[in-house]
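Protein chains: 2
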Amino acid sequence: MPKIVDHEQRKERIAEACWRVILKRGMKGATVRNIAKEAGLSPGSLRHYFSSQGDLYLYAMNLVKERVRKRMEKIAFSPLPVKEKMVRILSELLPLNTETHAEMEVWLHFIFHFYGKEGAVDGGVRSAIQAIMDGLETYRLLKEGIDKELETERLYALIDGLALHKLLEGGRLSDQKIIEILKSHIDLIVKDERDAGGAGGERIREEDR
Amino acid sequence: MPKIVDHEQRKERIAEACWRVILKRGMKGATVRNIAKEAGLSPGSLRHYFSSQGDLYLYAMNLVKERVRKRMEKIAFSPLPVKEKMVRILSELLPLNTETHAEMEVWLHFIFHFYGKEGAVDGGVRSAIQAIMDGLETYRLLKEGIDKELETERLYALIDGLALHKLLEGGRLSDQKIIEILKSHIDLIVKDERDAGGAGGERIREEDR
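For the record, the sequence lines run as chains A and B.
The C-terminal residue of the first sequence carries number 209 in full-length UniProt numbering, and the numbering is unbroken.
The C-terminal residue of the second sequence carries number 209 in full-length UniProt numbering, and the numbering is unbroken.
Just so you know, the hints here were simulated from the structure itself, not pulled from any lab data.
Note that CB positions come from ideal geometry on N, CA and C, so glycine has one too.
It cannot be assumed that every hint is accurate.
Said to hold, decoys possible - Cut-off 30 Å, straight-line C-alpha distance, at most; resulting in silico cross-link-like pairs (DSSO-like, lysine-lysine):
hint	chain 1	residue 1	chain 2	residue 2
1	A	183	A	143
2	A	83	A	65
3	A	28	B	117
4	A	83	B	143
5	B	177	A	148
What the hints assert, rightly or not - Simulated restraints on C-beta separations:
hint	chain 1	residue 1	chain 2	residue 2	range
6	A	179	B	70	33 to 43 Å
7	A	48	B	31	55 to 65 Å
8	A	117	B	33	15 to 25 Å
9	B	184	A	42	24 to 34 Å
10	B	140	A	81	28 to 38 Å
11	A	33	B	137	50 to 60 Å
12	B	122	A	130	45 to 55 Å
13	A	9	B	10	57 to 67 Å
14	A	170	B	170	48 to 58 Å
15	B	31	A	12	53 to 63 Å
16	A	174	B	77	30 to 40 Å
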């Protein structure tokens, strides 16, 4: 067992080296040679962990997705009021701190790299937003008259549009403005918890006791 | 004078050849040699019109912007009801027909190509949306309590998010769904013309006569 853990840890460290190289030198600089050097390995021993550059890219992409997903999940299970929870969860999909900024920059490089080449790159953003909207529906937190399918698609476009603009025009678009937009958008689709009939998650249940 | 016109026409034809090459072969294939061949010219005579590949790219990008801008302007001056006008204007910024799809695909290639290289590529989408929001405010067509700055940013993110998703996941996201999202979003920020106190553009003024 320890060997497997070591193997996975080493793979993660190589993937992180891959991210750093992409951030510094773009996809063109993200060669096996450069990534091995960044990870402190020989190209030969890197090939022991990944059979091809494509394999490594795929692993590095999945690792970004996995980390974002875990952070979102952690927030989802926290006892925050629903609207605050939503702001925090959706913020994980936006380049609002050093970590998410780096993740999304790497991700954008991957999207550009794979654009037009093969099957679409799935960042899992849509399925994350779908899960949020499903959760809101289950707990009867969607406002009356909301078209869930339409609002899922709209929120998905809004999030990716904001992320893209922040990455490409970060100087103009402040983090504060993004949070303001998120909050106002959430207000449009999510009920206030006091109107939600006691189905609004941990906080309400605690207060009801 | 005719010579200048010919010169411009030739430049436009070369730019269009550049687009076609990008669509067929990506930015990597968009070499001076390939573009010249597509335009039916020798690489030498292409250099007579553009001193460098960068020059040609810049011209080709501006030509896309200019054409979209002209189509949007034409719709803006038409006597359509305001909400219909907005749907049509915003649709020009989305890959909903062969022409706009090709334009935006080329545009995305340009964004990818220039990403991280120099100053941000400005597609003019934000300034177009800013102009629309300014117009709505001037004619008192914004709903009460609307935060114009926030809504400009939100609409801008929504449009680019939808455009990106349509380009990357076109099979999933139908044109009809996009139009539905546009319409519902416009309903959120724009007054019905009958409530706008006669300031709702040509149609209302005609009816008032």
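Quick rundown of the hints versus the structure:
{"no.": "1", "hint": "A:183 / A:143", "verdict": "holds, 15 Å"}
{"no.": "2", "hint": "A:83 / A:65", "verdict": "holds, 23 Å"}
{"no.": "3", "hint": "A:28 / B:117", "verdict": "holds, 12 Å"}
{"no.": "4", "hint": "A:83 / B:143", "verdict": "holds, 24 Å"}
{"no.": "5", "hint": "B:177 / A:148", "verdict": "holds, 12 Å"}
{"no.": "6", "hint": "A:179 / B:70: 33 to 43 Å", "verdict": "holds, 37 Å"}
{"no.": "7", "hint": "A:48 / B:31: 55 to 65 Å", "verdict": "violated, 38 Å"}
{"no.": "8", "hint": "A:117 / B:33: 15 to 25 Å", "verdict": "holds, 22 Å"}
{"no.": "9", "hint": "B:184 / A:42: 24 to 34 Å", "verdict": "violated, 57 Å"}
{"no.": "10", "hint": "B:140 / A:81: 28 to 38 Å", "verdict": "holds, 36 Å"}
{"no.": "11", "hint": "A:33 / B:137: 50 to 60 Å", "verdict": "holds, 56 Å"}
{"no.": "12", "hint": "B:122 / A:130: 45 to 55 Å", "verdict": "violated, 33 Å"}
{"no.": "13", "hint": "A:9 / B:10: 57 to 67 Å", "verdict": "holds, 60 Å"}
{"no.": "14", "hint": "A:170 / B:170: 48 to 58 Å", "verdict": "violated, 28 Å"}
{"no.": "15", "hint": "B:31 / A:12: 53 to 63 Å", "verdict": "violated, 39 Å"}
{"no.": "16", "hint": "A:174 / B:77: 30 to 40 Å", "verdict": "holds, 35 Å"}
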